[in-house]
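A.B. asks: Required output: the full structure, derived from the provided sequences and hints.
Listed below are the residues making up each chain.
Protein chains: 2
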Amino acid sequence: MEEQVDLVGNTFVDHYYHLFDNDRSSLASLYQPSSMLTFEGQKILGVDDISAKLNQLPFDQCRHIISTIDSQSSAGGIVVFVSGSLQLPEEEHHLRFSQMFHLIPTLQGSFFVQNDIFRLNYG
Amino acid sequence: MEEQVDLVGNTFVDHYYHLFDNDRSSLASLYQPSSMLTFEGQKILGVDDISAKLNQLPFDQCRHIISTIDSQSSAGGIVVFVSGSLQLPEEEHHLRFSQMFHLIPTLQGSFFVQNDIFRLNYG
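Which chain is which? The protein sequence lines are G and D, in order.
Residues 1 to 123 (the UniProt record's numbering) are what the first sequence spells out, left to right.
Residues 1 to 123 (the UniProt record's numbering) are what the second sequence spells out, left to right.
Because the hints were derived from the structure by calculation, they are not lab data.
One thing to keep in mind: the hints can contain errors.
Because identical chains cannot be distinguished in the list, a pair is counted as satisfied if it fits within a single copy or across any two copies.
Only pairs whose alpha carbons sit at most 20 Å apart, straight line, appear in this in silico SDA-like list of lysine to any residue [said to hold, decoys possible]:
no., residue 1, residue 2
1, Lys53, Gln108
2, Lys43, Thr106
3, Lys53, Ser110
4, Lys43, Phe112
5, Lys43, Met1
C.D. replies: Below is the structure:
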C-alpha cells in the first residue's frame, strides 16, 4: 500500500516539475476549481488564478532539481513533500525550496492537486 | 473560513512546538493509531511508534524557532506547512527545517495529526 503511495508521489513529482520547467502553462491541467496554492505566503484559490500566478512568475526559464520526496497516504488522497533547488538562468546560486502537495483522486483514476504550498528556504 | 484555518494552524503550531521543546512525551496526545510520521525519510506508523521515535531523538534539550506557517483547508481537515530552525545546545549553528502536518478533526471538536513529514534543509 505505502509502496504504491511512494510510486504515485514520485511519478507526480517527475511530471509536475517536468511540466513546470518545459511547458508551464500545462500545469493548469493538474488543478481544479477547488484547488489552493500558497506561494511564498500568498494564498490563491482555483485553477484559473493559480495558473495565472504560475505563468506570471518573474522568470521564464527555470530548472528544478529534486533532493527528497516523501509521500504518505492521507484522508482521501496522498500528501507529497518535496525539497530541492531551483536554478534560474540569471542567478549564480541555486535557490533552495520546499513544497507540499495534497493529491486527491479524480473520477478518471488520476489525481489532482487540492493543496499546494511553496516556500523558498532562506538562511 | 480561511481565516479560521489560519487560526487553527497557528494555534496548533504554537502548541506542538511548545510541547516538543518542554514536554516532548506529551506529543503522543496529538497522534492516533492511524497517524504517520516521516522523519528524515524514515516512515513510522501509529502513535506508539511515533511517540517512541520522538522521545528517542539523540538530543534532550531543543528549541524550535518558527519562521513561516502556511495553512489551507483540505479534504476533511487542514494542511499546515512550517519552516523554521532548530536550536540544539551542543550545536553552534541552527539547523533549518521544514515540516508539514495534515490535521483531521476529532469527534471531540479538536484535531489530531494524521500526517507529519519532517526534513532538515541542507545546502
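A.B. asks: Next step is simple, just say for each hint if it's right about the structure.
C.D. replies: Hint check results:
1. For a Cα distance limit of 20 Å, the shortest separation of lysine 53 from glutamine 108 qualifies neither inside one copy, at 27 Å, nor across copies, at 39 Å.
2. In this homomeric assembly, lysine 43 and threonine 106 never come within 20 Å of each other (Cα to Cα): the closest approach is 23 Å inside a single copy and 26 Å across copies.
3. Neither within a single protomer nor between protomers do lysine 53 and serine 110 lie at most 20 Å apart by alpha-carbon distance, with minima of 24 Å and 34 Å respectively.
4. Taking CA atoms no more than 20 Å apart as the test, lysine 43 paired with phenylalanine 112 passes inside one copy only; the shortest distance there is 18 Å, against 24 Å between copies.
5. Taking the shortest alpha-carbon separations for lysine 43 and methionine 1, only the inter-copy value of 13 Å comes in at or below 20 Å, while the best intra-copy value is 32 Å.
When each numbered hint is compared with the structure, violations occur for hints 1, 2, 3.
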